[in-house]
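Colleague: Listed here are the chains, written in short residue letters.
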Amino acid sequence: MSVRVQEAAFDVAVEMAETTGGDTSIGGVAMFVGLVRDLDPHADAKTVSALTLEHYPGMTERQLESIEAEALQRWPLAATRIVHRHGRMEPGEPIVLVICCSAHREAAFEACAFLMDWLKTKAPFWKVEDTDDGPRWVEARAADDAAADRWAKPEC
Amino acid sequence: MSVRVQEAAFDVAVEMAETTGGDTSIGGVAMFVGLVRDLDPHADAKTVSALTLEHYPGMTERQLESIEAEALQRWPLAATRIVHRHGRMEPGEPIVLVICCSAHREAAFEACAFLMDWLKTKAPFWKVEDTDDGPRWVEARAADDAAADRWAKPEC
Amino acid sequence: MKLKYFAWVRQRAGTGSETVDVPPEVSTVAELVGWLRSRSPGLAEAFQDTTAIRCAVNQTYVEWDHPVAQNDEVAFFPPVTGG
Amino acid sequence: MKLKYFAWVRQRAGTGSETVDVPPEVSTVAELVGWLRSRSPGLAEAFQDTTAIRCAVNQTYVEWDHPVAQNDEVAFFPPVTGG
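Chains as they are written, first to last, in the working numbering: chain A, 319 to 474; chain B, 319 to 474; chain C, 91 to 173; chain D, 91 to 173.
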C-alpha cells in the first residue's frame with residue numbers, strides 16, 4: 319500500500335521496481351500514466367500551454383489511501399502504488415501513475431482501471447489550463463462519473 | 319507500430335518515452351509487464367527456479383505485428399509497442415511489455431488488455447520451467463483461450 | 091470553524107482558508123452556506139450556484155444536510171478533475 | 091519441404107528443423123503427419139496425440155485439411171504459452 323502526492327516528476331521503471339519489490343509471486347504488473355495533453359478535450363478544443371493542479375493536502379492522501387484500500391479488498395493484489403503530481407506541468411509531462419501487481423493479469427488490469435476511474439471522480443484535485451484565451455478551470459466530465467459508476471454495479 | 323522480440327531485458331521508462339515520442343495528443347498510457355513467477359500457477363504448484371522461452375523466429379514477429387495492427391484498427395491509439403523476450407529468465411524478471419497510448423484512457427486500457435489476451439493465445443512462444451522435478455513444458459490455459467475469445471464477441 | 095476553498099470557489103471567495111466564528115443557529119452545511127453568502131460579495135458570488143459545489147467536512151465528502159460544529163474543518167470546491 | 095518443430099514436439103522429433111522430399115500423394119497437413127509418423131520412432135511419438143499439436147504453413151496457423159506443397163515451410167508445435 320503506497321500513495322504519494324508530489325510536485326516532482328517520477329520514473330516509471332523506478333516506481334515499478336519499488337512496487338514489485340522483488341516479490342516473485344507477481345506475474346503481472348498493470349500500469350497507467352496520465353499525461354498532460356496540449357488540447358483541451360472538452361468543449362472547444364483550445365490549445366493548452368500548461369496545466370496547474372491544485373489539491374487539498376491531507377484530504378487528497380486520505381482519499382487516495384481509501385481508494386487504494388478498496389482496490390486491495392476487491393482484487394487479489396500483491397502490491398499497488400498511486401503517485402499523483404500537483405503544481406504546474408507542461409504538455410507531455412506525466413500527471414499520475416497507478417501500478418497494480420497481481421499473480422494474474424486480469425486482477426491487475428481491472429484494479430488499475432478501477433483506480434483511475436475513481437481518481438478522476440473522487441480525488442480532490444482541480445486542473446486549471448493556460449489556454450490561448452487565458453487560464454480556465456477544467457470542468458468535470460460526465461463520462462468520468464459514468465466510468466466510476468460502473469464499478470458500483472453488478473457485472474452484466 | 320512497433321514490435322520487438324529479444325533476449326535482453328528492457329527498461330519500462332525508456333520504452334514508454336520512445337513510444338509516446340513527445341506526442342502531446344496522448345493523454346493516457348496503459349502498460350502491462352509480465353514477470354516470471356516462482357510458482358507454477360498450473361496443477362500442482364511446483365517451485366520454478368527458471369523459465370526458458372522458445373519461439374518461432376519470423377512467425378513470432380508476423381503474429382505480433384498482425385495483433386498490433388488489429389488493435390490499431392479497433393481502438394483510437396496514438397502509439398503502441400510490444401516487446402517480448404525469449405531465452406532463459408529467472409523469477410522476477412520481465413518477460414513481456416505491452417504499451418498502448420491514446421488520447422483517452424479507456425481505449426488505452428482496453429487495447430492493452432486485448433493485446434495481452436491475444437499474445438497469450440496466438441504468439442508462438444513456449445515456456446519450459448525448471449522445477450524441483452526437472453524441466454517441464456507449461457501447458458496452455460483454457461482461461462487464456464476464454465480471455466481471448468471475449469474480444470471476438472459483441473459486448474454484453 | 092476552519093473553512094477551506096479550492097479552485098474557482100477559492101478565487102471568488104478571495105481566500106483559500108479562513109477561521110470563523112459561526113452563529114449558533116448554523117448547524118448544517120446548507121445553513122453555513124447561507125450565512126457565508128451574507129458575509130461578502132465574493133462569497134455571495136462563490137456560492138451563487140451551489141449545484142456546482144461539493145463539500146467535505148473533516149476531509150470527508152458530505153451532503154448539504156450534514157451537521158457542522160465549531161471545531162470542524164469545512165471545505166468547498168467544484169467537482170474534482172484529477173488524474 | 092522445410093519442416094520445423096517446436097517445444098516438446100521438437101524434443102520428441104529429435105530435431106528442430108529438417109528439409110524433406112515428401113511423396114507426391116501427400117497433399118494436406120493431415121497426410122503429411124501420417125507420412126511423418128512412419129519416418130522414425132521419435133516422429134511417431136511426437137505425432138501420437140495430434141489433438142495437442144498446432145500447425146502453421148508458411149508462418150500462418152492452418153487446420154489439418156490445409157494443402158501443403160513442396161516449397162512450403164510447415165511447422166508443428168503445442169498450443170502456445172507466451173506472455
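Incorrect hints may appear among the rest.
Label-pair restraints from in silico Cβ distances [unchecked claim]:
hint, chain 1, residue 1, chain 2, residue 2, range
1, C, Q160, A, S384, 21 to 31 Å
2, C, E153, A, G405, 45 to 55 Å
3, D, G104, A, E383, 55 to 65 Å
4, B, E325, D, G124, 47 to 57 Å
To give a feel for the contact side, a few chain B residues facing chain D, derived at Cβ under 7 Å [claimed, not checked]:
hint, residue
5, P375
6, G376
7, R380
8, W393
9, F443
Some but not every residue of chain D turned toward chain B, in silico, with C-beta under 10 Å [to be verified]:
hint, residue
10, A120
11, S130
12, G132
13, A134
14, R144
15, Q149
16, T150
17, W154
18, A165
FYI, nobody ran anything at the bench for these hints, they're computed from the structure. Since this is a predicted model, take the numbers as computed values, not measurements. By construction, the Cβ of each residue, glycine as well, lies at the ideal position given by its N, Cα and C atoms.
Colleague: State for each hint whether it applies.
Modeller: Results for each hint:
1. C:Q160 / A:S384: 21 to 31 Å: Holds - the Cβ-Cβ distance for Q160 of chain C and S384 of chain A, about 26 Å, lies within 21 to 31 Å.
2. C:E153 / A:G405: 45 to 55 Å: violated, 31 Å
3. D:G104 / A:E383: 55 to 65 Å: holds, 58 Å
4. B:E325 / D:G124: 47 to 57 Å: Given a distance of about 37 Å, which is not inside 47 to 57 Å, the answer is violated.
5. P375: violated, 10 Å
6. G376: With Cβ-Cβ at 6 Å, under 7 Å, it holds.
7. R380: Holds. Min distance 5 Å.
8. W393: violated, 19 Å
9. F443: holds, 3 Å
10. A120: violated, 21 Å
11. S130: Result: violated, 21 Å to nearest chain B Cβ.
12. G132: Violated, because the Cβ-Cβ distance from G132 of chain D to chain B comes to roughly 16 Å (cut-off 10 Å).
13. A134: violated, 19 Å
14. R144: OK, holds: R144 of chain D within 10 Å of chain B, min 9 Å.
15. Q149: holds, 4 Å
16. T150: Hint on T150 of chain D: holds, closest Cβ of chain B at ~8 Å, below 10 Å.
17. W154: violated, 18 Å
18. A165: Where the cut-off is 10 Å and the nearest Cβ of chain B is about 6 Å from A165 of chain D, the hint holds.
The structure fails hints 2, 4, 5, 8, 10, 11, 12, 13, 17 (numbered hints given earlier, in ascending order).
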